[in-house]
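A.B. asks: Residue numbers (my numbering), protein chains in the order written: chain A, 56 to 351; chain B, 10 to 321.
For the record, the hints were derived by calculation from the structure and aren't laboratory data.
There are no misleading hints in this set.
Calculated pairs, PhoX-like style, for lysine-lysine (alpha carbon to alpha carbon, straight line, at most 25 Å): (1) A:Lys175 with B:Lys33; (2) A:Lys141 with A:Lys126; (3) B:Lys33 with A:Lys255; (4) A:Lys141 with A:Lys313; (5) A:Lys175 with A:Lys247; (6) A:Lys244 with B:Lys33; (7) A:Lys259 with A:Lys247; (8) A:Lys255 with A:Lys175; (9) A:Lys175 with A:Lys244; (10) A:Lys247 with B:Lys33; (11) A:Lys259 with B:Lys33.
A quick note: this is a predicted structure, and the numbers were derived from the prediction, not measured.
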Amino acid sequence: MRGREPVMVGERSTGAVIGRIIVYSILIVAALYFLIPFFVMAMTSLKTMNDIRTGNLISFPREFTLDAWGKAWSSACTGINCEGVKGYFLNSVQMVIPAVIISTLIGAVNGYVFSKWRFKGSETIFSFLLLGCFIPFQIILLPMSQTLGVLRIGQSIFGLIFVHIVYGLPFTSLFFRNFYVTIPDEIIKAAKIDGAGFFKIFWKIILPVSLPIFVVAIIWQTTQIWNDFLFGVAFSGSDSQPITVALNNLVNTSTGVKEYNVDMAAAIIAGLPTLIVYIVAGKYFLRGLTAGAVKG
Amino acid sequence: MQIPMRNKLQNPGILHRIENFLPKLVVIPTIAVAAVFIYGFIGWTTYISFTDSRLLPKYELVGFHQYVRLFTNFNLFPPESRWSVAVVNLLIFSVLFIVLCIIIGLLLAIFLDQRIRGEGFFRTIYLYPMALSFIVTGAAWRWILNPDLGIERLIQQLGFGDFTFRWLVDSNMAIYTIVIAAVWQSSGFVLALFLAGLRGIDDSIIKAAKVDGASLPRIYLRIVIPSLRPVFLSAVIILLHISIKSFDLVMVLTRGGPGFSTDMPATFMYAFAFNRGSLAFGAASAVIMFLAVMAIIIPYLYSELRGTRNAR
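Build out the structure end to end from the sequences listed, making use of the hints.
C.D. replies: Quick look at the structure:
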């Protein structure tokens with residue numbers, strides 16, 4: 056993000072000082088705009104329902120309680136089940152880990168081939184693969200649900216893992232290819248002359264420098280798959296729903312008294328893993344975002 | 010790297026030929042997967058859209074019947090059929106979503122580009138909603154916009170006793186609640202795009218303009234913002250792409266309701282294909298969505314790829 060010196064508003068005159076104050080005020084107001092919804096979620100999740108009915112969105116809880124968190128985790132009703140979001144959270148974990156690992160590894164090898172072992176037509180094949188990043192998934196929803204049924208992995212976590220691998224591959228291949236293109240071809244050529252083969256070059260030369268792009272790809276895939284709702288709602292059964300589907304069912308349930316504190320606790324639970332990833336590895340998160348969004 | 014004397018490439022043996030085939034062998038599974046699960050499936054959905062499939066797929070063709078159904082009573086202002094409601098909602102949503110995200114993103118990027126102390130801190134705050142799913146975002150805003158206990162209650166308690174804010178349950182206004190939540194989630198991302206663009210501008214042009222006595226707002230309007238044109242294009246394409254695909258936020262905030270007043274093409278497709286047992290009709294709407302996305306993405310990708318090739 057650093058490249059050139061940022062532009063300064065004027066020199067150190069009174070006008071400039073006022074200008075600085077205005078700039079900082081706007082930035083702080085904007086920060087509040089982004090933070091307040093999370094603050095509201097957190098406050099609401101720590102209130103009792105009685106507190107919610109008498110207070111307002113930004114009022115502090117009169118008594119802090121973690122009851123809503125406990126209920127959200129282990130006894131809230133999402134649809135017919137009343138066992139909280141715990142099981143669905145674990146479903147998401149079980150879905151994300153294998154899907155991310157497999158799609159990233161295959162993507163790395165694909166990227167290696169499409170950048171360093173180009174063959175006749177490989178560029179064309181790659182651009183056809185790339186198009187998979189942009190299709191609206193509605194166009195594959197129906198045949199995929201038929202296919203999962205035929206493969207007998209419909210309504211299961213296996214099915215979801217499969218789907219996320221398949222439609223993650225265009226992205227991971229793109230990430231790795233664009234990264235490997237920047238490694239000079241001369242190094243590869245020299246290694247070939249040295250007698251190193253396809254896998255040896257990958258193992259000894261490419262992989263050791265690949266850590267940053269692995270981080271980018273893993274973060275991108277983890278966020279995408281953890282946050283997915285469309286595949287989750289279309290392809291999961293009642294016992295294989297990911298956390299996003301469970302949260303949607305929870306906040307949309309119309310039976311019984313609405314417990315907004317439980318809703319908000321569940322929402323924070325559902326958002327926490329990706330939020331932590333963002334806070335810990337923000338730089339890589341952003342890089343994936345800008346690379347994965349549309350860049351070719 | 011040392012270059013040794015002997016050169017293995019000069020005596021190709023069987024091992025070498027296998028070695029040559031290896032790269033292709035390694036990508037064949039991915040190519041096969043893409044051929045079936047991307048292109049084959051697009052073909053299948055398109056085929057089904059020309060049949061009369063209801064609950065189960067049928068393979069006798071009935072021509073453009075489903076598309077005719079989709080565009081019967083297709084009147085946008087005022088919208089009459091459910092599909093035209095979905096299309097109008099998409100238009101309203103995407104225009105507001107794109108314009109607001111770009112305004113907020115561009116302004117914040119310009120302000121952040123003024124040698125701000127704690128820039129990283131501000132950036133982290135502006136961007137964290139991008140890490141949250143649309144479902145979490147929607148759950149939060151569904152509560153904030155709650156017709157009784159949400160913003161309405163807050164403003165009432167601040168002393169405006171007769172304040173009402175019930176957009177979430179108002180079929181004329183509910184679509185705007187989706188815009189509000191979506192802009193909150195995505196504007197930080199647009200900011201990041203613009204900030205990267207600003208950092209790429211050559212400083213000397215701006216310094217020269219300053220020497221010439223141009224005022225700062227003028228420099229931004231005349232020099233800086235016009236030079237960000239490629240960033241504008243990327244931002245619009247990305248946001249338009251998000252708009253056409255928007256599904257999650259609608260489902261969690263309004264479920265397409267009240268009635269089907271906040272239906273969008275993606276929720277329309279889902280409703281008909283999965284809940285109402287009209288496979289062919291749902292497939293036809295999916296094909297329209299697909300064509301819309303391709304009409305935007307293919308020219309863009311084409312120009313991007315050509316651009317980078319020329320640059321090399």
